[in-house]
Amino acid sequence: MSELIPIILDVSSYILILVLVALGLMIVFGMMGVINMAHGELFMIGAYVMVAAQNLGLPFLAGIILAPIIVGFLGLLIEAALIRHIYLRPLDTILATWGLSIALKQLVVLTFGPESHSVALPVDGSLELGAFSYPLYRLILMAASILLIGGTFWLFTRTDFGLLARAVIARPNTAASLGIDTRRMYRWSFVIGTALAGLAGALVAPIISVDPQMGLGYLVPGFLSILVGGAGPLAGVLVGGAVVGGVNNLLAVWISPVAALITVYIIAILIIRLKPEGIMGGRRAK
Amino acid sequence: MRNNLIALLVFAVLAASPVAIGGYWTGQLTAYLVYGLLAMSLSLVWGYGGILCFGQAMFFGIGGYIMAVLTKGMILPELTSSYLGLIAAMAGSALFALALGYFLFAGRGISGAYLAIITLAMALVLERLMNNWYALGGYNGLLNVPPIKLNFFGASFELWDRMPTFYAVLAVVALVYFLVTWLLSSAYGLRLTAIRTHPDRLASLGYNVLTIRLSVFALSAAIAGLAGAIFVTLDGFASPTLIGFTLSTEALIWVAIGGKEMLLAAFLGAILTRTAESWLSEIFGDYWILILGIAFMISVVLLPKGLLATPLEKLTGSKRKKTR
Numbered sequence: 001m002s003e004l005i006p007i008i009l010d011v012s013s014y015i016l017i018l019v020l021v022a023l024g025l026m027i028v029f030g031m032m033g034v035i036n037m038a039h040g041e042l043f044m045i046g047a048y049v050m051v052a053a054q055n056l057g058l059p060f061l062a063g064i065i066l067a068p069i070i071v072g073f074l075g076l077l078i079e080a081a082l083i084r085h086i087y088l089r090p091l092d093t094i095l096a097t098w099g100l101s102i103a104l105k106q107l108v109v110l111t112f113g114p115e116s117h118s119v120a121l122p123v124d125g126s127l128e129l130g131a132f133s134y135p136l137y138r139l140i141l142m143a144a145s146i147l148l149i150g151g152t153f154w155l156f157t158r159t160d161f162g163l164l165a166r167a168v169i170a171r172p173n174t175a176a177s178l179g180i181d182t183r184r185m186y187r188w189s190f191v192i193g194t195a196l197a198g199l200a201g202a203l204v205a206p207i208i209s210v211d212p213q214m215g216l217g218y219l220v221p222g223f224l225s226i227l228v229g230g231a232g233p234l235a236g237v238l239v240g241g242a243v244v245g246g247v248n249n250l251l252a253v254w255i256s257p258v259a260a261l262i263t264v265y266i267i268a269i270l271i272i273r274l275k276p277e278g279i280m281g282g283r284r285a286k
Numbered sequence: 001m002r003n004n005l006i007a008l009l010v011f012a013v014l015a016a017s018p019v020a021i022g023g024y025w026t027g028q029l030t031a032y033l034v035y036g037l038l039a040m041s042l043s044l045v046w047g048y049g050g051i052l053c054f055g056q057a058m059f060f061g062i063g064g065y066i067m068a069v070l071t072k073g074m075i076l077p078e079l080t081s082s083y084l085g086l087i088a089a090m091a092g093s094a095l096f097a098l099a100l101g102y103f104l105f106a107g108r109g110i111s112g113a114y115l116a117i118i119t120l121a122m123a124l125v126l127e128r129l130m131n132n133w134y135a136l137g138g139y140n141g142l143l144n145v146p147p148i149k150l151n152f153f154g155a156s157f158e159l160w161d162r163m164p165t166f167y168a169v170l171a172v173v174a175l176v177y178f179l180v181t182w183l184l185s186s187a188y189g190l191r192l193t194a195i196r197t198h199p200d201r202l203a204s205l206g207y208n209v210l211t212i213r214l215s216v217f218a219l220s221a222a223i224a225g226l227a228g229a230i231f232v233t234l235d236g237f238a239s240p241t242l243i244g245f246t247l248s249t250e251a252l253i254w255v256a257i258g259g260k261e262m263l264l265a266a267f268l269g270a271i272l273t274r275t276a277e278s279w280l281s282e283i284f285g286d287y288w289i290l291i292l293g294i295a296f297m298i299s300v301v302l303l304p305k306g307l308l309a310t311p312l313e314k315l316t317g318s319k320r321k322k323t324r
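Order-wise, the sequence lines are chains A and B.
All letters in the first sequence, in the order written, are residues 1 to 286 by our numbering.
All letters in the second sequence, in the order written, are residues 1 to 324 by our numbering.
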């Protein structure tokens, strides 16, 4: 039993990070129908903000605060320069953001080099409970992720902004004719989605190796989580993230990482094909 | 028919080019021609068939591996004929596409963004699989794939030297181009336009939408498989990079930059992008990929029909009916 607990905690922390990444993707996809292939790179840039902050000698917390601000601002620029022009061509957004992801990746290679970096753990200790011991930072990471996920749910279900946002998601034309500035909603939702990605990248930076290729490893599972869970209700992403992240990590421990990845992708493809509206139901994106 | 004249001109220029560019670049150009074939297959399925496939290299890689396994005699040591390899590569890719396509399109099939994500995931799965399939070389791939051996009437000839290989590949590419162009100008091409724009209307007119979709998916896979089979004989080597994600997305970039709704533009998109890459990456170094990414973005946003297709359409005067 005692060797099982660290595995469960590891899996949970991966799922929480995956949900954070997927949540940002889902806000953008659910609201605007835009598939943001550069989301993984925004996550990566969040992690690189931490690397830069460490190189500059800034404290850890400063990096955590700077990452969502910088990445969110980048999101604002991307929305204004790129996404705004292709809202009405959803398939083209896949291609254009793919080009963006290539450019961002290369920009990071040019600035930080192609090698991987590491960020020092801000707290070194581990929690000891009898025979059981677990790194403290991972527990902090999980708590922070739960807070962030809870905060995003609160924003979208309990505030005026969330009400307007859900109106725009459900019936964009009706919402527009009732005087909601849908373009403005799109823009700020996009910024929130990208800032979440940046923050997730910053939080997870100390426990992974930060390299320019890391985005894809979160982008595809993130998308599969959304599609598996269902792109309609926000809760879908929790279920999807749990299925994709959970199966992937448990199989990686019990069989091998390769078998895990292949199995989880195939399970996800089967679920998406057989139940396109996702496990939790909701609207089916065209 | 001016369209065909332009294409003839393009192939004539390609045929004459070895004189001007020398041996090394002829070798490179041969590989680019094969990439052009892959680009054509993607243009067929995406631009004409309306199926955005994010994993076109799957079919390229399957063709390549089948060719390598057969001509190396790994299954049947007596049967190492290149012809058999090429045919098996095309058939194998097409069968895989039929199975995958049936799974994806039958019933209330999936389309658009969902299809893109699923084909992307499939390509990642296959790449991971080949990386760990040790009987097929695993990460290192299969080495020493023999060159194509042509047999006519008892005489046999190995495609080993640069010039004969170049002209043989060019002939195959030109043949495929004109065959597909002819097919697209027939009633079948009309059905493809209809399936891309109004699939429901086509179904209500009594056509079987699934059959048409599957046929174009399989045809495109067969062409990609052929390209893969030729490719492994050029370098004599098949590796998991052929099947995976990077080549799939590269092909997507060539086709989008060239023009997905025009076979010739997609073909030239591949050749010109690869040529530009090998020249400009020397000048710009690591900045080249940055430039490529930005060029791709600009071409998608400002020229959704493609960078090359827009001028080419003016030149040929062929105004394809505006779709949607």
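Bear in mind the hints are in silico, worked out from the structure with no lab data behind them.
Beta carbons are placed, not taken as given, at the ideal position from N, Cα and C, and that holds for glycine.
You may find that some hints are simply not true.
What the hints assert, rightly or not - Okay, the calculated beta carbon distance ranges per label pair:
(1) A:Gly217 with B:Asp286: 19 to 25 angstroms
(2) B:Ala20 with A:Ile255: 53 to 59 angstroms
(3) B:Ala99 with A:Ser116: 35 to 41 angstroms
(4) B:Phe103 with A:Ala81: 37 to 43 angstroms
(5) B:Ile298 with A:Pro59: 38 to 44 angstroms
Indicate whether the distance between the beta carbons of Ile298 (chain B) and Pro59 (chain A) respects the range 38 to 44 angstroms. Since the Cβ atoms of Ile298 (chain B) and Pro59 (chain A) sit about 40 angstroms apart, the hinted range of 38 to 44 angstroms holds.
Okay, Phe103 (chain B) versus Ala81 (chain A) on CB: inside 37 to 43 angstroms? 39 angstroms, holds
Within 53 to 59 angstroms or not, the Cβ separation of Ala20 (chain B) and Ile255 (chain A)? Cβ of Ala20 (chain B) to Cβ of Ile255 (chain A): about 56 angstroms, so the range 53 to 59 angstroms holds.
Does the hinted range 35 to 41 angstroms hold for Ala99 (chain B) and Ser116 (chain A) at CB? 39 angstroms, holds
Starting from the range 19 to 25 angstroms, see whether the pair Gly217 (chain A) and Asp286 (chain B) falls in it by beta-carbon distance. 22 angstroms, holds
Checked against the numbered hints given earlier, the structure satisfies every one of them.
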